[in-house]
Amino acid sequence: MEFLDYFLNVFTFGNILILILGTIGGLLMGAAPGLSPTMAVALLIPFTFKMSPDQGLIMLGAVYTATVAGGAISAILLKIPGAPANIATVMDGYPMAKSGKSKEALHYCFISSFVGGVVGIIILIFFTPVLANFALKFGPSHMFWIAIFGVTVIATLDSNSIIKGLFSGAIGLWLATIGYDSVLGVERFVFNPIFSGGINIIAALVGLFAIPQVLSMIENKQSKSDQFLMEKKSLVQSIIFNLSRIKALVVGSVTGVIIGLIPGAGGQIAGLVSYDQIKKLSKKKENFGKGEPDGIIAAESANNAMVGPSLVPLLTLGVPGSPTAAVLLGGLLIHGMFPGPYLFTIYAETTWTFINSLLIAQFMMLAFGLYISGLAKYVIKTPSNYMAAAITILAIFGTYSVQHNFADVIVMLFLGVSMFFLSKFGFTAAPIVLGLILGPIAETNFSQAKIIADTQNGIFSYLTTGPLNLVIISLCIVSIIYGIITEVKKNKK
Amino acid sequence: MIKINNLASVIIILLISIMLAYASFSGKQSEAYLFPKIITSVMIILSSLSLVHYFFETKKIAEINISKLSIYLISLILFIFFGEILGFYFLTIILFLTVCYFYSEHKSFKIIIYNILITSLFMLFIYFLFSILLKVQVPRFFLF
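Sequences listed follow chains A and B, in order.
Under this note's numbering, the first residue of the first sequence carries the number 1, and numbering increases by one thereafter.
Under this note's numbering, the first residue of the second sequence carries the number 1, and numbering increases by one thereafter.
These aren't lab readings, by the way, just hints derived from the structure by calculation.
Backbone N, C-alpha and C fix where the C-beta goes; we use that ideal spot for every residue, glycine too.
Any given hint could be a false lead.
Distance condition first, Cα-Cα at most 30 Å in a straight line; then the derived BS3-like pairs of lysine-lysine [what the hints assert, rightly or not]:
{"#": "1", "chain 1": "B", "residue 1": "Lys28", "chain 2": "B", "residue 2": "Lys110"}
{"#": "2", "chain 1": "B", "residue 1": "Lys37", "chain 2": "A", "residue 2": "Lys424"}
{"#": "3", "chain 1": "A", "residue 1": "Lys492", "chain 2": "B", "residue 2": "Lys3"}
{"#": "4", "chain 1": "A", "residue 1": "Lys285", "chain 2": "A", "residue 2": "Lys424"}
{"#": "5", "chain 1": "B", "residue 1": "Lys60", "chain 2": "A", "residue 2": "Lys98"}
{"#": "6", "chain 1": "B", "residue 1": "Lys68", "chain 2": "B", "residue 2": "Lys107"}
{"#": "7", "chain 1": "A", "residue 1": "Lys492", "chain 2": "B", "residue 2": "Lys60"}
{"#": "8", "chain 1": "A", "residue 1": "Lys450", "chain 2": "B", "residue 2": "Lys28"}
{"#": "9", "chain 1": "A", "residue 1": "Lys450", "chain 2": "A", "residue 2": "Lys490"}
{"#": "10", "chain 1": "A", "residue 1": "Lys284", "chain 2": "A", "residue 2": "Lys424"}
{"#": "11", "chain 1": "A", "residue 1": "Lys284", "chain 2": "B", "residue 2": "Lys60"}
{"#": "12", "chain 1": "A", "residue 1": "Lys490", "chain 2": "B", "residue 2": "Lys68"}
{"#": "13", "chain 1": "A", "residue 1": "Lys490", "chain 2": "A", "residue 2": "Lys283"}
{"#": "14", "chain 1": "B", "residue 1": "Lys68", "chain 2": "A", "residue 2": "Lys98"}
{"#": "15", "chain 1": "A", "residue 1": "Lys490", "chain 2": "A", "residue 2": "Lys280"}
{"#": "16", "chain 1": "A", "residue 1": "Lys50", "chain 2": "B", "residue 2": "Lys135"}
{"#": "17", "chain 1": "B", "residue 1": "Lys3", "chain 2": "A", "residue 2": "Lys290"}
{"#": "18", "chain 1": "B", "residue 1": "Lys68", "chain 2": "A", "residue 2": "Lys290"}
{"#": "19", "chain 1": "B", "residue 1": "Lys60", "chain 2": "A", "residue 2": "Lys489"}
{"#": "20", "chain 1": "B", "residue 1": "Lys37", "chain 2": "A", "residue 2": "Lys450"}
{"#": "21", "chain 1": "A", "residue 1": "Lys285", "chain 2": "B", "residue 2": "Lys60"}
{"#": "22", "chain 1": "A", "residue 1": "Lys489", "chain 2": "A", "residue 2": "Lys98"}
{"#": "23", "chain 1": "B", "residue 1": "Lys68", "chain 2": "A", "residue 2": "Lys424"}
{"#": "24", "chain 1": "A", "residue 1": "Lys98", "chain 2": "B", "residue 2": "Lys3"}
{"#": "25", "chain 1": "B", "residue 1": "Lys68", "chain 2": "A", "residue 2": "Lys489"}
{"#": "26", "chain 1": "A", "residue 1": "Lys284", "chain 2": "A", "residue 2": "Lys492"}
{"#": "27", "chain 1": "B", "residue 1": "Lys60", "chain 2": "A", "residue 2": "Lys490"}
{"#": "28", "chain 1": "B", "residue 1": "Lys135", "chain 2": "A", "residue 2": "Lys424"}
Covered, in the sense of this in silico footprint (three residues per stretch, anywhere, with C-beta under 8 Å from a C-beta of chain A), are these stretches of chain B [what the hints assert, rightly or not]:
{"#": "29", "segment": "9-22"}
{"#": "30", "segment": "32-38"}
{"#": "31", "segment": "73-86"}
{"#": "32", "segment": "89-98"}
{"#": "33", "segment": "106-114"}
{"#": "34", "segment": "133-140"}
DEER-style ranges, computed between Cβ atoms [stated by the list, open to error]:
{"#": "35", "chain 1": "B", "residue 1": "Met19", "chain 2": "A", "residue 2": "Ser474", "range": "30 to 36 Å"}
{"#": "36", "chain 1": "A", "residue 1": "Ile473", "chain 2": "B", "residue 2": "Ile132", "range": "47 to 53 Å"}
{"#": "37", "chain 1": "B", "residue 1": "Ala23", "chain 2": "A", "residue 2": "Leu468", "range": "33 to 39 Å"}
{"#": "38", "chain 1": "B", "residue 1": "Lys107", "chain 2": "A", "residue 2": "Asn491", "range": "44 to 50 Å"}
{"#": "39", "chain 1": "A", "residue 1": "Ser196", "chain 2": "B", "residue 2": "Ile132", "range": "45 to 51 Å"}
{"#": "40", "chain 1": "A", "residue 1": "Gly466", "chain 2": "B", "residue 2": "Ala23", "range": "47 to 53 Å"}
Based on the sequences and whatever the hints tell you, model everything.
Printed below as a string of structure tokens:
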């Protein structure tokens, strides 16, 4: 119970003020398309340099927690995920908002994020040393299959046609190969110098989700009155309903914890896998994608449950569990703290104060998030012409701010307009984005696997033997078969 | 209004797959192109399946209201060509006003004034968020 010795350290005036500012700032940054948790933490690292290590890490932790949850605000209200972790939230969040339940959807989002977040931090506090060993069991072949599993899940979930879904995922995986090969350093598919750095993920995310949404707003030109009809449901009703969805909360939290522990996997996979699992376990499968609360609850509890465990391999081994955790590593290093056993001995006070602050940050995120939910009506009542202009400008500035590169803006706009035309033929953005995100993970681990396999029985044997490989491959096959069966059933109807 | 048969999209994705596969298989250092080769092979299989599937599914026609979208699309093209020369703030102000005016349900002098006010407030927010808070140096023109 070492963490209790340092629990009161969080409750100083300065620390609480930093927590409040970090949480509010994180929620707002998360809600802005383009400002992902990774970018928010990266942007704040220089500001923490002048703070004490405790305060700097508290600020980064609060921002990390709040941006993951804040990304759901734009996912639900605008159909634009604030971050890759919120892709699964769009699927039922936006239909709920469209049917007049935006406030209710946001309530579920923040309550589930809170539950998942608290579970994740408790796991971080009590099981850090044990779980660090589990994280080490994942080798290149497992990581390769996990990346492929992520693509197959989203391809079957977010598309009316499994072939188109898988094709979209493959496009994403191919787009990820543009630029320099990570192992050999060879330049590939750079038809124009602007592509030499590859396709920026944030540019693709913003473009593929935001621009088609703007174009369909303009094309359909829905009037604000028929677009959203507001229904009233009190906060207490939302809390009672949310907490009664135990299955969705458990599936989301457990999935988030497991995936958070796997180095490099990230929140986007956690949200999607838990969404897939709850859909398969649900008796009302046909409601998913049309505004099913369980979809939001599972996805949001998973992506926040991932936050705590993603820090386990970071704090104990120096191996980040998510891209944001990788940036957070920089935050530790600038304060002279090197991950490993010393964090819990020499720097125990700072480390435990940081971990405890993550727990308090969950409460802050819940309080401020629920308050923001009440303001949702102002966003959704905005006329579509103002909304279209505002989203476009936010997308342009948000994309440019990632690397200060105008080419990213061009890529964002090009991908966005192309996606709008592709969507007319039943293609969806989520598999492309996920393919793009998971592409480098899949390729790097495939290349590493090949190097190892060349000294053994060959790549095929290396990738397909071992219990963990077989389990993940089976999950991929089940996911595709499930998608085919669902599509056949839907077509028969 | 443009009407496009679903068959056109199936053929386009098949052609794209073949093109990308050609680019992947003609790469000089075959080791570096191994992963793209696998991906593009999968793409060709999927797009061929899509073509087969087309003959068994209900025929669909996609409708795109290109005349409605043209002003927005032209604005984006102009931004791509002049964004770095004329600056982000200058061009996005024009883009905001254009989109607000042309896609507004009512067009009157009062609406124009209202649009200018909304644009100014929104751009002040953007300036505060990106230029002051996040210190992002966007391309500028004269004063902004």
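Comparing the hints with the structure gives:
1. About 63 Å separates the Cα atoms of Lys28(B) and Lys110(B), which puts this hinted pair outside 30 Å; it is violated.
2. Between Lys37(B) and Lys424(A) the alpha-carbon distance is near 28 Å, which keeps this suggested pair within the 30 Å criterion.
3. Taking the CA atoms of Lys492(A) and Lys3(B), the gap is near 27 Å; set against the 30 Å cutoff, the hint holds.
4. With a C-alpha separation of about 25 Å, the suggested pairing of Lys285(A) with Lys424(A) holds against the 30 Å cut-off.
5. Using a Cα cut-off of 30 Å, the hinted pair Lys60(B) and Lys98(A) holds, with the two alpha carbons roughly 26 Å apart.
6. A hinted pair counts as satisfied when its Cα atoms are at most 30 Å apart, and Lys68(B) with Lys107(B) qualifies at roughly 16 Å.
7. Of the supplied pair hints, the one linking Lys492(A) and Lys60(B) holds, its CA atoms being roughly 17 Å apart against a limit of 30 Å.
8. This hinted pair checks out: Lys450(A) and Lys28(B) have alpha carbons roughly 19 Å apart, not beyond 30 Å.
9. With a CA separation close to 40 Å, the supplied pair Lys450(A) and Lys490(A) exceeds the 30 Å bound.
10. Proposed proximity of Lys284(A) and Lys424(A) is supported: the alpha carbons are some 28 Å apart, at most 30 Å.
11. Annotation: proposed proximity of Lys284(A) to Lys60(B) holds, straight-line Cα distance about 28 Å (limit 30 Å).
12. For the given pair, Lys490(A) sits about 33 Å from Lys68(B) by alpha-carbon distance, which is inconsistent with the 30 Å threshold.
13. Taking the CA atoms of Lys490(A) and Lys283(A), the gap is near 16 Å; set against the 30 Å cutoff, the hint holds.
14. Among the hinted pairs, Lys68(B) with Lys98(A) is consistent with the structure: their alpha-carbon atoms are about 23 Å apart, no more than 30 Å.
15. Straight-line distance between C-alpha atoms of Lys490(A) and Lys280(A) comes to about 15 Å, which keeps the hinted pair within the 30 Å bound.
16. At roughly 17 Å between alpha-carbon atoms, Lys50(A) and Lys135(B) fall within 30 Å of each other, so this suggested pair holds.
17. Distance hint between Lys3(B) and Lys290(A) is fulfilled; the C-alpha atoms sit about 27 Å from each other, no more than 30 Å.
18. Among the hinted pairs, Lys68(B) with Lys290(A) is consistent with the structure: their alpha-carbon atoms are about 28 Å apart, no more than 30 Å.
19. Distance hint between Lys60(B) and Lys489(A) is fulfilled; the C-alpha atoms sit about 19 Å from each other, no more than 30 Å.
20. A C-alpha spacing of about 15 Å is found between Lys37(B) and Lys450(A), which places the hinted pair at or below 30 Å, so the restraint holds.
21. A hinted pair counts as satisfied when its Cα atoms are at most 30 Å apart, and Lys285(A) with Lys60(B) qualifies at roughly 26 Å.
22. Of the pairs offered as hints, the one joining Lys489(A) and Lys98(A) holds, with about 26 Å between alpha carbons and a cut-off of 30 Å not exceeded.
23. A threshold of 30 Å between alpha carbons decides the hint, and for Lys68(B) with Lys424(A) the separation of about 16 Å falls inside it, so the pair holds.
24. Using a Cα cut-off of 30 Å, the hinted pair Lys98(A) and Lys3(B) holds, with the two alpha carbons roughly 27 Å apart.
25. A hinted pair counts as satisfied when its Cα atoms are at most 30 Å apart, and Lys68(B) with Lys489(A) does not qualify at roughly 37 Å.
26. For the hint pairing Lys284(A) with Lys492(A), the CA-to-CA distance comes to about 18 Å; that is within 30 Å, so the pair holds.
27. With a C-alpha separation of about 16 Å, the suggested pair Lys60(B) and Lys490(A) falls inside the 30 Å cut-off, and the hint holds.
28. Only pairs whose Cα atoms come within 30 Å are accepted, and Lys135(B) paired with Lys424(A) is rejected, the gap being roughly 39 Å.
29. Here the segment 9-22 of chain B counts 3 residues with a CB under 8 Å from a CB of chain A, which clears the bar of 3, and the coverage holds.
30. With a threshold of 8 Å between beta carbons, the proposed coverage of the segment 32-38 of chain B by chain A holds, since 5 of its residues qualify and at least three are required.
31. Using a Cβ-Cβ cut-off of 8 Å, 6 residues of the segment 73-86 of chain B lie near chain A, which meets the minimum of three, so the contact claim holds.
32. Judged by the Cβ-Cβ criterion of 8 Å, the segment 89-98 of chain B is covered by chain A as claimed, because 3 of its residues qualify and three suffice.
33. Residue count for the segment 106-114 of chain B with a Cβ under 8 Å from a Cβ of chain A: 0. That is fewer than the three needed, and the coverage hint is violated.
34. With 5 residues having a Cβ less than 8 Å from any Cβ of chain A, the segment 133-140 of chain B passes the three-residue criterion, so the hint holds.
35. A C-beta distance of roughly 34 Å is found between Met19(B) and Ser474(A), which places it inside the suggested range of 30 to 36 Å.
36. Take Ile473(A) and Ile132(B): their Cβ atoms lie about 51 Å apart, and the range 47 to 53 Å holds.
37. At about 34 Å, the beta-carbon gap between Ala23(B) and Leu468(A) stays in the expected band of 33 to 39 Å.
38. Distance hint check for Lys107(B) and Asn491(A): the Cβ-Cβ separation is about 45 Å, which falls inside the suggested range of 44 to 50 Å.
39. The hinted window of 45 to 51 Å between Ser196(A) and Ile132(B) is violated, with their beta carbons roughly 32 Å apart.
40. A beta carbon spacing of about 34 Å between Gly466(A) and Ala23(B) contradicts the range 47 to 53 Å that was offered as a hint.
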